[in-house]
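Engineer: So the chains spell out like this:
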Amino acid sequence: MVKIIYIEHDGTEHPVDVDVGTSIMEGAVSNSIPGIDADCGGGCACATCMVFIDDEWKDKMSSMSDEEESMLDFHEYKEDSSRLGCQIPITEEFDGLKVKMPPSQH
Amino acid sequence: MSKEKTLIIGGGQAACQTATSLKNKKYDGEIKIFCSENYLPYQRPPLSKKFLMGELDKERLFFKPEKFYTENQIAINLNSYVQRIDIENKEIFLKDNKKENYDNLVIATGTIPRQIDVDKKISDKVFYLRSIEDVLQIRGKIKESNKVTIIGGGYIGLEVAAIINKLGLQVTIVEMASRILERVTSETISSFYTKIHKQAGVEVLTNTSVEGLEKNNKGVEVITSNGVIVSDFVIVGIGVLPCDTLALESGIDAKNGIIVDEFCRTSNDYIFSAGDCTMHPNIFYNKNIRLESVHNAIEQGKTVAASIMGENISYNQIPWFWSDQYETKLQIAGLLDNYDDIVVRGDTKNQSFAVFYTKENRITASDCVNRPAEHMMSRKLISEKILIDKDRLSDETIPIKEVAN
Ligand SMILES: Cc1cc2nc3c(=O)[nH]c(=O)nc-3n(C[C@H](O)[C@H](O)[C@H](O)COP(=O)(O)OP(=O)(O)OC[C@H]3O[C@@H](n4cnc5c(N)ncnc54)[C@H](O)[C@@H]3O)c2cc1C
Ligand code: FES
Chain L
1 MVKIIYIEHD GTEHPVDVDV GTSIMEGAVS NSIPGIDADC GGGCACATCM VFIDDEWKDK
61 MSSMSDEEES MLDFHEYKED SSRLGCQIPI TEEFDGLKVK MPPSQH
Chain R
1 MSKEKTLIIG GGQAACQTAT SLKNKKYDGE IKIFCSENYL PYQRPPLSKK FLMGELDKER
61 LFFKPEKFYT ENQIAINLNS YVQRIDIENK EIFLKDNKKE NYDNLVIATG TIPRQIDVDK
121 KISDKVFYLR SIEDVLQIRG KIKESNKVTI IGGGYIGLEV AAIINKLGLQ VTIVEMASRI
181 LERVTSETIS SFYTKIHKQA GVEVLTNTSV EGLEKNNKGV EVITSNGVIV SDFVIVGIGV
241 LPCDTLALES GIDAKNGIIV DEFCRTSNDY IFSAGDCTMH PNIFYNKNIR LESVHNAIEQ
301 GKTVAASIMG ENISYNQIPW FWSDQYETKL QIAGLLDNYD DIVVRGDTKN QSFAVFYTKE
361 NRITASDCVN RPAEHMMSRK LISEKILIDK DRLSDETIPI KEVAN
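Chains L and R, in that order, are what the protein sequence lines are. So the first sequence is numbered by the working numbering: it starts at 1 and just counts up by one. So the second sequence is numbered by the working numbering: it starts at 1 and just counts up by one.
Okay, chain L solo, but in the shape it has when bound (with noise of 0.2 Å):
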């Protein structure tokens, strides 16, 4: 179990413990925390469950997919700092990450 932070777009915090080995979305959902729909499951075939990683994180990720960089590149809300939640599996070393939500997903 790992402790992440996802912040709503409104500023909300929910701080919650997850399990290692599953995703940043998978977290969100099971926490039912706002913010992520996650239409598809984690298939990597919806783009509803983007979120914005801080630079610092970024490095300690798996890094992204072709497929999931042109997933995002369609999303309304889509920064520099964007990932899809369900293609991040949760490590040891994410222990006190923040994870920020956009305003909508669709």
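Errors might be hidden in some of the hints.
[Said to hold, decoys possible] Covered stretches of chain L, as calculated for chain R (at least 3 residues, CB under 8 Å):
1) 19–30
2) 43–49
3) 57–71
For the record, the hints were derived by calculation from the structure and aren't laboratory data. Ideal Cβ positions, reconstructed from N, Cα and C, are used throughout, including at glycine.
Knowing the structure of chain L, use the given hints to seat chain R with the ligands on it.
Structural biologist: Okay, now just chain R with the ligands, sitting in the frame of chain L:
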């Protein structure tokens, strides 16, 4: 005064979305879900993908953990098959004559696999794939088998074929039509998938109908119009039927699905319906359709919640769907109903290309193989009905985002 009460029949994607959306909209009535299955609401797509492969635990299929329902006061009744609806008195009936009254009722009963006739003697060797339970049984069977026949070359059959092939079994697909996926896609896509299945070592028999199944000391003999195939077991994937009998018998309009309008309202003022079981209007294609897709179940779930809240938000969506086979992700947008031309972007010899279906120079549907950008772009082009130049569309030197400029 007692609180308003919404009952939901079914506990799949559409049911879970309806309940979640009602909560998001701060619905303050009671919500109760009745589902005939014995698991918390779960996603089905991985059943023929990672879950069949054994790469995903059962718990990771659940949309929400149990505490979500308790914290949000959504009462989940599992193993609760609803037998009858009394629309006059606004009540539903469960087994043992237990009943429950409602103010609003949502029917989200999904579909069941179309069955084939089989003799009792071999019914333990014939499987369908719709539920967690089905997959657990199939996984057990895979462990003790070498050869399987899959009846039906639709998306589910093909996904299952790919996984079982990866698990090392010999797989034969038997398809009655002249090509696999005939009902749902073009010749171009059918031949691409035929090729990759054959390359992987799967036998694909088209124009072959199944005439019977017989017990054999090794397993099952599948008797076809093209000879006998001996297998350890058989998986049948020949389409689904909407679970609309409950509605029909209760006096709600249904014909090949529960008939709803763009607000997901049925013919009864207090009853709504969402998901695979509905026959609903699609304004982009100007016809009534039934869809078997996650996206439709989610969007109709949201529409029902809005209707219950008295918001008039109509469902208007471009259908989309996906299918994973081997190393390919196929993403499908739109409805393949009538098109006058096909434009291919990329080379179908590679595992990365997009097929656009056009009518009068507008895209009406697309099939994209390992081309997520093309898929996302086509959803936009379809919904905005944008005129396109087909030469630009197929020209890979022009980025997909700029083809319509
Ligand atoms: C193997 C498989 C793979 C799939 N892959 C994809 C994919 O890749 N992409 C995609 O978009 N879609 C896919 N789908 C389709 C998708 O899963 C469905 O569209 C979606 O599950 C529909 O949700 P639903 O809530 O309408 O119905 P369901 O999920 O079928 O849920 C209906 C529930 O209602 C219950 N029920 C029925 N009658 C009663 C009753 N009288 N009383 C109580 N309960 C009742 C049923 O037991 C069931 O649990 C797949 C489906 C399967 C089976
Ligand atoms: S959940 Fe669909 S892309 Fe992440």
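Engineer: Taking the hints in turn, state whether each one holds.
Structural biologist: Here's how the hints hold up against the structure:
| no. | hint | verdict |
| --- | --- | --- |
| 1 | 19–30 | holds (count 4) |
| 2 | 43–49 | holds (count 5) |
| 3 | 57–71 | holds (count 3) |
Going through the hint list in order, the structure satisfies each hint without exception.
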